[in-house]
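Visitor: Each chain, letter by letter, is given below.
Protein chains: 2
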Amino acid sequence: MDYMIGVDIGTTSVKTVLYDTAGKMQGYSNNLYPLYQDVPDMAEEDPDEIFSAIIDGMTTVMRKADLKNGTLHGVSFSAAMHSLILLDDDHKPLTRAITWADNRAVKYADELRENGVGKQLYEKTGTPIHPMTPLSKLIWLRNEQPDLFNQARWFVGIKEYVIYKLFGVLQEDYSIANATGLFNIFSMDWDDQALEVAGITRDQLPKLVDTTDQITGMKTDYAGVIGIDPQTPFIMGASDGPLANLGVNAIDPGVVAVTIGTSGAVRVVTDKPKIDPKGRVFCYYLSKDHWVVGGPVNNGGIVFRWVRDQLFAPEKLTAEQMQIDSYDLLTEIAAKIPAGSDGLIFHPFLGGERAPIWDANARGSFFGLTRTHSRAHMVRAALEGIVYNLYTVMLALEEVVGKPSSIQATGGFARSALWRQMLADIFEQDVTIPESPEGTALGAATLGMYALGMIDDLSAVKNFIGVANVHHPNPETFPAYRALVPIYIRLSRQLQSEYKNIADYQRKYVHKSDKK
Amino acid sequence: MDYMIGVDIGTTSVKTVLYDTAGKMQGYSNNLYPLYQDVPDMAEEDPDEIFSAIIDGMTTVMRKADLKNGTLHGVSFSAAMHSLILLDDDHKPLTRAITWADNRAVKYADELRENGVGKQLYEKTGTPIHPMTPLSKLIWLRNEQPDLFNQARWFVGIKEYVIYKLFGVLQEDYSIANATGLFNIFSMDWDDQALEVAGITRDQLPKLVDTTDQITGMKTDYAGVIGIDPQTPFIMGASDGPLANLGVNAIDPGVVAVTIGTSGAVRVVTDKPKIDPKGRVFCYYLSKDHWVVGGPVNNGGIVFRWVRDQLFAPEKLTAEQMQIDSYDLLTEIAAKIPAGSDGLIFHPFLGGERAPIWDANARGSFFGLTRTHSRAHMVRAALEGIVYNLYTVMLALEEVVGKPSSIQATGGFARSALWRQMLADIFEQDVTIPESPEGTALGAATLGMYALGMIDDLSAVKNFIGVANVHHPNPETFPAYRALVPIYIRLSRQLQSEYKNIADYQRKYVHKSDKK
Ligand SMILES: Nc1ncnc2c1ncn2[C@@H]1O[C@H](COP(=O)(O)OP(=O)(O)OP(=O)(O)O)[C@@H](O)[C@H]1O
Ligand SMILES: Nc1ncnc2c1ncn2[C@@H]1O[C@H](COP(=O)(O)OP(=O)(O)O)[C@@H](O)[C@H]1O
Numbered sequence: 001m002d003y004m005i006g007v008d009i010g011t012t013s014v015k016t017v018l019y020d021t022a023g024k025m026q027g028y029s030n031n032l033y034p035l036y037q038d039v040p041d042m043a044e045e046d047p048d049e050i051f052s053a054i055i056d057g058m059t060t061v062m063r064k065a066d067l068k069n070g071t072l073h074g075v076s077f078s079a080a081m082h083s084l085i086l087l088d089d090d091h092k093p094l095t096r097a098i099t100w101a102d103n104r105a106v107k108y109a110d111e112l113r114e115n116g117v118g119k120q121l122y123e124k125t126g127t128p129i130h131p132m133t134p135l136s137k138l139i140w141l142r143n144e145q146p147d148l149f150n151q152a153r154w155f156v157g158i159k160e161y162v163i164y165k166l167f168g169v170l171q172e173d174y175s176i177a178n179a180t181g182l183f184n185i186f187s188m189d190w191d192d193q194a195l196e197v198a199g200i201t202r203d204q205l206p207k208l209v210d211t212t213d214q215i216t217g218m219k220t221d222y223a224g225v226i227g228i229d230p231q232t233p234f235i236m237g238a239s240d241g242p243l244a245n246l247g248v249n250a251i252d253p254g255v256v257a258v259t260i261g262t263s264g265a266v267r268v269v270t271d272k273p274k275i276d277p278k279g280r281v282f283c284y285y286l287s288k289d290h291w292v293v294g295g296p297v298n299n300g301g302i303v304f305r306w307v308r309d310q311l312f313a314p315e316k317l318t319a320e321q322m323q324i325d326s327y328d329l330l331t332e333i334a335a336k337i338p339a340g341s342d343g344l345i346f347h348p349f350l351g352g353e354r355a356p357i358w359d360a361n362a363r364g365s366f367f368g369l370t371r372t373h374s375r376a377h378m379v380r381a382a383l384e385g386i387v388y389n390l391y392t393v394m395l396a397l398e399e400v401v402g403k404p405s406s407i408q409a410t411g412g413f414a415r416s417a418l419w420r421q422m423l424a425d426i427f428e429q430d431v432t433i434p435e436s437p438e439g440t441a442l443g444a445a446t447l448g449m450y451a452l453g454m455i456d457d458l459s460a461v462k463n464f465i466g467v468a469n470v471h472h473p474n475p476e477t478f479p480a481y482r483a484l485v486p487i488y489i490r491l492s493r494q495l496q497s498e499y500k501n502i503a504d505y506q507r508k509y510v511h512k513s514d515k516k
Numbered sequence: 001m002d003y004m005i006g007v008d009i010g011t012t013s014v015k016t017v018l019y020d021t022a023g024k025m026q027g028y029s030n031n032l033y034p035l036y037q038d039v040p041d042m043a044e045e046d047p048d049e050i051f052s053a054i055i056d057g058m059t060t061v062m063r064k065a066d067l068k069n070g071t072l073h074g075v076s077f078s079a080a081m082h083s084l085i086l087l088d089d090d091h092k093p094l095t096r097a098i099t100w101a102d103n104r105a106v107k108y109a110d111e112l113r114e115n116g117v118g119k120q121l122y123e124k125t126g127t128p129i130h131p132m133t134p135l136s137k138l139i140w141l142r143n144e145q146p147d148l149f150n151q152a153r154w155f156v157g158i159k160e161y162v163i164y165k166l167f168g169v170l171q172e173d174y175s176i177a178n179a180t181g182l183f184n185i186f187s188m189d190w191d192d193q194a195l196e197v198a199g200i201t202r203d204q205l206p207k208l209v210d211t212t213d214q215i216t217g218m219k220t221d222y223a224g225v226i227g228i229d230p231q232t233p234f235i236m237g238a239s240d241g242p243l244a245n246l247g248v249n250a251i252d253p254g255v256v257a258v259t260i261g262t263s264g265a266v267r268v269v270t271d272k273p274k275i276d277p278k279g280r281v282f283c284y285y286l287s288k289d290h291w292v293v294g295g296p297v298n299n300g301g302i303v304f305r306w307v308r309d310q311l312f313a314p315e316k317l318t319a320e321q322m323q324i325d326s327y328d329l330l331t332e333i334a335a336k337i338p339a340g341s342d343g344l345i346f347h348p349f350l351g352g353e354r355a356p357i358w359d360a361n362a363r364g365s366f367f368g369l370t371r372t373h374s375r376a377h378m379v380r381a382a383l384e385g386i387v388y389n390l391y392t393v394m395l396a397l398e399e400v401v402g403k404p405s406s407i408q409a410t411g412g413f414a415r416s417a418l419w420r421q422m423l424a425d426i427f428e429q430d431v432t433i434p435e436s437p438e439g440t441a442l443g444a445a446t447l448g449m450y451a452l453g454m455i456d457d458l459s460a461v462k463n464f465i466g467v468a469n470v471h472h473p474n475p476e477t478f479p480a481y482r483a484l485v486p487i488y489i490r491l492s493r494q495l496q497s498e499y500k501n502i503a504d505y506q507r508k509y510v511h512k513s514d515k516k
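Residue numbers (UniProt numbering), protein chains in the order written: chain A, 1 to 516; chain B, 1 to 516.
Rather than coming from a laboratory, the hints here were simulated on the basis of the structure.
Keep in mind that the hints are not guaranteed to be accurate.
Which copy? The list can't say, so a pair holds if one copy fits it or any two copies do.
Keeping only pairs whose Cα atoms sit at most 27 Å apart, straight-line, the calculated DSS-like set for lysine-lysine is [claimed, not checked]:
no.: 1; residue 1: Lys-336; residue 2: Lys-508
no.: 2; residue 1: Lys-508; residue 2: Lys-207
no.: 3; residue 1: Lys-316; residue 2: Lys-336
no.: 4; residue 1: Lys-508; residue 2: Lys-274
no.: 5; residue 1: Lys-508; residue 2: Lys-107
no.: 6; residue 1: Lys-274; residue 2: Lys-92
no.: 7; residue 1: Lys-274; residue 2: Lys-207
no.: 8; residue 1: Lys-403; residue 2: Lys-462
Isolated chain A, as found in the complex (with noise of 0.2 Å):
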């Protein structure tokens, strides 16, 4: 037997996974990291606790597989879009890694968006303007911590710095660099605008190289911890959201991938770079000729556990004491509510929403409530709602990229086959649910085969995954969510003229020792 390995560096642990060549996982270890959120809107990373963490996760699987010599072909790697961290002249981390979900240079990227500079870049970029972003970060740390940003030679990403730290070659791949918003997707290169925006030059960034670039050298002493042939092969691999749709299998076109995890996603690749004149998807490299467009979602399952923790919190009890999920026990109760949920519709705001609104400030809601309502109809609504959400970035995508022609579903979410349908009767498409439950790992060592030539073709990966569950549209409920999601539409637009308002006085008057 043959293997590749697939690491995936997430945002609150590493998953190292064995694979052979048909894809079957040999070994697996999942290694967890802190997420630092000492002030508001902070979410940090230690690098070097990142660092462990893969040092762990491959020890584990290697000397679990013990594998013969010769037969590790190589490792890819995927990382977490957008982290940002400070090295100084030595390559040594003034910053922690400031994830994704660090929120401290909104007022930034609402300034970007405001004045117009935004949009230019987003067309150039393919990155949405967003707080997210590394271009945000730079210059959020620019003005608000000065001597640190000009104490700073380095500006990289974890992957990076992993990457530096295991071979002492500073290099990033396109996609990482694609996820910055300082790159430019048609140059291919960073650009020269976004820089001057951030008020960085281009020798303080890495290398650029293709995601199928390969780094062999690895420092002996790492190799021999891990148990690894120093001369192995290392793929640089792509971020996490491209090669989740790899991963799942939806890298034709139409083939929509659809995750709800915590957060969720709705992402379809096309063969060129392609912009949304409305600012609302992004357009990320994968490989040559494959480009991921799509839409990040912050309300996912994660408003899902809300509703159990919050609203049914005795029933979550009650389900601790049968011994049985409680997650489960909720879609009971919700499917015996109608589609639709006799007219009470949720916008799941609750965290703010990247995709498609792009508005920090949103918040939830629930709108239509009569006294017949009862809290079976709100399960059922946020279920809904949650799927209404990811509807409305299908019908942004769909502008860019045209129709879906069927569904890769993916996430926690595919545990429950009431939401599993709403899925297709929701998007009135086909919904396949893959059974990999690894995809992102998967499609880091799916690439990593492409690269070393063991398969010809990216869509080898269809024999990689099996399918867990087929769905089908039931057109019963049509005439329900035909009618509903308009006025779903409708009303976000109507809300979006308080978000602002009432998010402003959610943070002056909510006490912070109150938040959760």
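Guided by the hints, dock chain B with the ligands onto chain A, whose structure is given.
Guide: Using the frame of chain A, we list chain B with the ligands on its own:
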């Protein structure tokens, strides 16, 4: 001792109260009758069941009190507004009493609002255009049940029917007449245009009399049953809203009566009829120089009941097991949340709304949800939302009659200290809760004493009522409420554009049988 009886003919029961001349309750009977709701939007009562209940109530009170001859000076009536009964040539009912809660004339009320005729009529009648009014019901019956309509010789309300049965005299007091939508408050007579729009003539209506008008000569068989001297004077009395103001001593300028029972109202007395250019408030006659301007709201305590029954069903059971009042338990939960519910705003329009938005399609909503909001926030937001709504009625009233100076508050809500304090805080006014539990019956008895010359002035009522509670506004809450009320109001306007759409959806897709 000398005595007076106040009879309050309500929507679900008649309350018969015996007062001494110090305004102290000396006897009481509450006699129920059913509300018929055979089809959606119907709300009817059987006039003869009401008549029997009144006879039963008076009999109970008289037999129990066993008064000395000549000490009962009179009986005075309050009745719910807007009821309509069709009578034949022999004064026999052709219909049940169609109550204020009946919404079947909605189409015709909408038409009046839309074609501008409604506004013309409102400006003369002081009665908002709404399906509740006899005006709307007459148009509805003429169009949808022409045979029945044409058979009718007389169009009366419940009080006129009762008086006719007791005395053989068909007459209607200005106050009840005022609320039909057919009465011109400036000419103090039926309005020709309104009669024409309704499609009836002046001679199909009872004779108009003042609210202080006396009748004697009760049919002796009824007098015998009740045990009352047939020469006892009966005072016509007024409708329940105006008499409630009197009964809580809210008759001086600036003193506002706020009621939160199942529904709610905000009302204030002026010395001249006043009209709201925006048509949001009613103006009803009480007595010479006393007009009551105000707004009725559908969504009072019934919304708190919904929160309890639907959102807090488990806690309701807990309260039952603890043998404590479930509303008290919920109030305690709400009290733990800061004023302003951490920026969660609730529009209480679960049952459509009358004042101030007059939109039967209005629906409830929660706005501003974040992941830190819990059900405890929802219950507090609901209590606050009910008060915000009443406050917006107050703002409309202010435009018509000027700033309030203090509040007299009544209704089931007054059992909650938290809710009473909220009223003081949101209105920024001192709130007094009178001790007398049956304000409307006391108002009727007071008007009766005034009519009989037993008191010189209606303001004598102040000696009749005690004070149960006083609340002063707490300035610490002002910043929260002053920030949120404007958002609440702007949202009301924003959401209005979708009320009809969601209500149409609910009418079309929610199965009638599912309605509770
Ligand atoms: N302990 C309590 N705390 C708070 N609110 C209460 C309490 N008890 C009752 N209520 C509220 O009072 C409402 C009932 O009010 P009330 O008893 O005045 O009703 P009603 O006479 O049917 O009303 P209406 O006068 O509108 O017909 C309930 O729906 C509830 O909201
Ligand atoms: N049995 C279930 N039924 C429905 N939804 C579920 C179930 N279990 C988990 N979920 C949803 O999945 C979410 C977690 O998704 P997951 O993909 O595991 O998270 P992450 O994005 O953090 O990797 C939960 O917040 C919940 O909404």
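Visitor: Are the CA atoms of Lys-336 and Lys-508 at most 27 Å apart within a copy, between copies, both, or neither?
Guide: between (40 Å within a copy, 19 Å between copies)
Visitor: Using 27 Å as the alpha-carbon threshold, which applies to Lys-274 and Lys-207: within, between, both, or neither?
Guide: within (24 Å within a copy, 78 Å between copies)
Visitor: My question is about Lys-508 and Lys-107: at a cut-off of 27 Å on alpha-carbon distance, are they close within one copy, between copies, both, or neither?
Guide: For Lys-508 and Lys-107, only the intra-copy Cα distance (16 Å) is at most 27 Å; the inter-copy one is 45 Å.
Visitor: Between Lys-403 and Lys-462, at a C-alpha cutoff of 27 Å, which is it: within one copy, between copies, both, or neither?
Guide: within (22 Å within a copy, 73 Å between copies)
Visitor: If the cutoff is 27 Å on CA atoms, where do Lys-274 and Lys-92 land: within, between, both or neither? Let me know, please.
Guide: neither (37 Å within a copy, 78 Å between copies)
Visitor: Within, between, both or neither: how does the pair Lys-316, Lys-336 come out at a Cα-Cα threshold of 27 Å?
Guide: Result: close both inside a copy and across copies, 18 Å intra and 22 Å inter.
Visitor: From the Cα coordinates, with 27 Å as the cut-off, is the pair Lys-508 and Lys-207 best called within, between, both, or neither?
Guide: neither (44 Å within a copy, 61 Å between copies)
Visitor: Given identical chains, is Lys-508 near Lys-274, meaning Cα to Cα at most 27 Å, within a copy, between copies, both, or neither?
Guide: Cα proximity of Lys-508 and Lys-274: none, with 40 Å in one copy and 41 Å across.
Figure legend: structure checked against the earlier numbered hints; hints not met, in rising order: 2, 4, 6.
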